[in-house]
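Here are the chains, one letter per residue:
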Amino acid sequence: MAIEVIEPGLATSIQDEGRPGYYNVGVPPSGALDLYSAAAANALVGNAPSAAVIESAYMGPKLRFTEPAVIAVTGADIPVLVNGQSAPRWESLDLNAGDELSFEILAGGARIYIAVAGGIDVPLVLGSRSLYALGAFGGFQGRALQTGDVLPVGAGSGRPGLSVPEALRPEFPKELDVRIVLGLYDYRLTDEGMSALVDRPWQLSPVADRIGFRYAGNALQWKEREQPFGAGSDPSNITDAGYPVGSIQVPGGIEPIILHRDAVSGGGYAQVGTVISADMDVVAQSAPGTLAHFVPVTLEEALEARAAAKARRAEMIAALS
Amino acid sequence: MAAHQVQTPLPGVFYRRPAPDQPEYAAPGDSVTSDQTIGLVEVMKQFAEIKAGVNGTITSFEVDNEGVIGPGDVVAVIETGA
Chain A
361 MAIEVIEPGL ATSIQDEGRP GYYNVGVPPS GALDLYSAAA ANALVGNAPS AAVIESAYMG
421 PKLRFTEPAV IAVTGADIPV LVNGQSAPRW ESLDLNAGDE LSFEILAGGA RIYIAVAGGI
481 DVPLVLGSRS LYALGAFGGF QGRALQTGDV LPVGAGSGRP GLSVPEALRP EFPKELDVRI
541 VLGLYDYRLT DEGMSALVDR PWQLSPVADR IGFRYAGNAL QWKEREQPFG AGSDPSNITD
601 AGYPVGSIQV PGGIEPIILH RDAVSGGGYA QVGTVISADM DVVAQSAPGT LAHFVPVTLE
661 EALEARAAAK ARRAEMIAAL S
Chain B
17 MAAHQVQTPL PGVFYRRPAP DQPEYAAPGD SVTSDQTIGL VEVMKQFAEI KAGVNGTITS
77 FEVDNEGVIG PGDVVAVIET GA
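Just so you know, the sequences run in chain order A and B. Under the working numbering, think of the first position of the first sequence as 361, with each following residue one higher. Under the working numbering, think of the first position of the second sequence as 17, with each following residue one higher.
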């Protein structure tokens with residue numbers, strides 16, 4: 361069983377739940393940017409949550425299945441075609457040998473997930489099948505998919521006709537709240553700078569990929585200080601520090617960047633806040649032009665949101681088993 | 017005569033030239049072939065070419081150079097003469 365790549369789509373890669381545990385030596389977690397949608401795709405086709413799926417941004421690939429397969433497409437709102445005929449998203453589908461999966465034009469969201477029963481069977485690297493493109497390892501041959509690639513598929517036993525209940529499917533609004541915990545360097549902002557960060561919306565620019573999501577809109581004002589030893593001359597510079605996934609840095613004080621799962625592990629930009637883990641999927645599904653309101657929450661609220669997100673995911677998986 | 021609308025599948029920034037110091041790919045009134053590039057979309061630090069998609073004559077560009085576009089936006093109209 362294999363999948364032939366007829367057209368790769370944009371920055372299409374193999375991803376699983378990621379590669380935690382190596383950020384201290386500069387290897388980011390990688391993994392599906394929208395973990396909920398990836399988990400749903402796997403659950404629909406009877407895979408374990410750790411199975412590898414295909415992730416595309418904005419534009420789906422065109423794929424041909426060499427043998428009968430059970431597949432599911434989740435994530436962004438994009439019309440799905442099987443042999444040119446409309447097919448549902450968030451449902452498990454039965455494909456015949458030779459069937460072709462393709463996509464029309466994106467209507468909402470940003471990232472598409474395709475799971476096949478058995479999972480994409482590329483080698484484990486540091487315990488994960490996820491591509492880390494900057495490191496050129498993991499995924500399929502350490503790179504994004506290309507025309508002519510043949511993806512190996514593991515043994516699986518999915519069944520068609522399963523469907524994620526409507527209430528458990530994400531929505532893709534053009535304007536949304538992104539909850540953040542302030543810090544570690546928010547004290548460097550003036551009152552005006554803090555107001556510009558949290559009281560006005562930010563618009564996602566086209567510079568948004570697996571490494572980071574760059575927003576535009578306001579200028580942040582920083583408190584005057586004499587820059588410490590080791591820090592760059594711009595007020596947004598600090599002496600180098602570790603970057604959490606989800607942290608918001610503001611190079612030059614004008615365009616905040618939310619670091620995502622392929623980000624570098626440290627550097628010299630002040631992080632004014634960190635997106636809570638429960639909202640990283642929402643960031644992942646933001647398309648350029650999306651307006652984001654950064655809403656500060658406490659650590660306790662962030663942990664409650666994480667627990668709620670876990671419960672919703674468990675409910676979704678239970679609904680499919 | 018039929019008007020073909022060239023849609024972008026990608027969001028991003030639309031460019032009518034391959035590079036700032038290069039001439040435009042095409043202008044209204046030009047004849048183009050189906051596989052001819054008429055613009056670029058920049059997204060995620062990558063550039064994707066937009067092809068005419070049909071043989072015909074460009075009647076208009078619907079997006080300015082460096083305009084921000086979303087998936088499905090019409091960037092140009094081509095008269096196919098069919």
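Heads up, some of the hints might be wrong.
[Unchecked claim] Partial selection, computed: residues in chain A whose CB lies under 8 Å from chain B:
id: 1; residue: L370
id: 2; residue: A417
id: 3; residue: A647
[Claimed, not checked] Here are the simulated DSSO-like cross-link-like pairs (lysine-lysine), alpha carbons at most 30 Å apart as the crow flies:
id: 4; chain 1: B; residue 1: K67; chain 2: A; residue 2: K422
id: 5; chain 1: A; residue 1: K583; chain 2: A; residue 2: K422
id: 6; chain 1: B; residue 1: K61; chain 2: A; residue 2: K670
id: 7; chain 1: A; residue 1: K534; chain 2: A; residue 2: K670
id: 8; chain 1: B; residue 1: K67; chain 2: A; residue 2: K670
id: 9; chain 1: A; residue 1: K534; chain 2: B; residue 2: K67
In case anyone wonders, no lab produced these hints; they're calculated from the structure. All residues carry an ideal CB built from backbone N, CA and C; glycine is no exception.
For the pair supplied as a hint, K534 of chain A and K670 of chain A, confirm whether the alpha-carbon distance does not exceed 30 Å. Cα-Cα ~24 Å, so holds.
Does L370 of chain A hold up as a contact with chain B if the rule is Cβ-Cβ below 8 Å? holds, 7 Å
Proposed proximity, K422 of chain A with K583 of chain A (alpha carbon, max 30 Å): Not OK: K583 of chain A and K422 of chain A at ~51 Å, beyond 30 Å, violated.
Starting from K67 of chain B, check that the Cα of K422 of chain A is at most 30 Å away, please. holds, 18 Å
Next pair to validate is K534 of chain A with K67 of chain B; report whether the Cα-Cα distance is within 30 Å. holds, 28 Å
Interface hint for A417 of chain A, Cβ within 8 Å of any Cβ on chain B: Hint holds; A417 of chain A Cβ to chain B Cβ min 7 Å, cut 8 Å.
Checking one constraint from the list: CA of K61 of chain B to CA of K670 of chain A, max 30 Å. Satisfied? violated, 33 Å
Take a quick look at whether K67 of chain B and K670 of chain A sit within 30 Å of each other, Cα to Cα. violated, 44 Å
Per the CB criterion, is A647 of chain A less than 8 Å away from chain B? Given a least distance of 5 Å, the restraint on A647 of chain A holds.
Figure legend: structure checked against the earlier numbered hints; hints not met, in rising order: 5, 6, 8.
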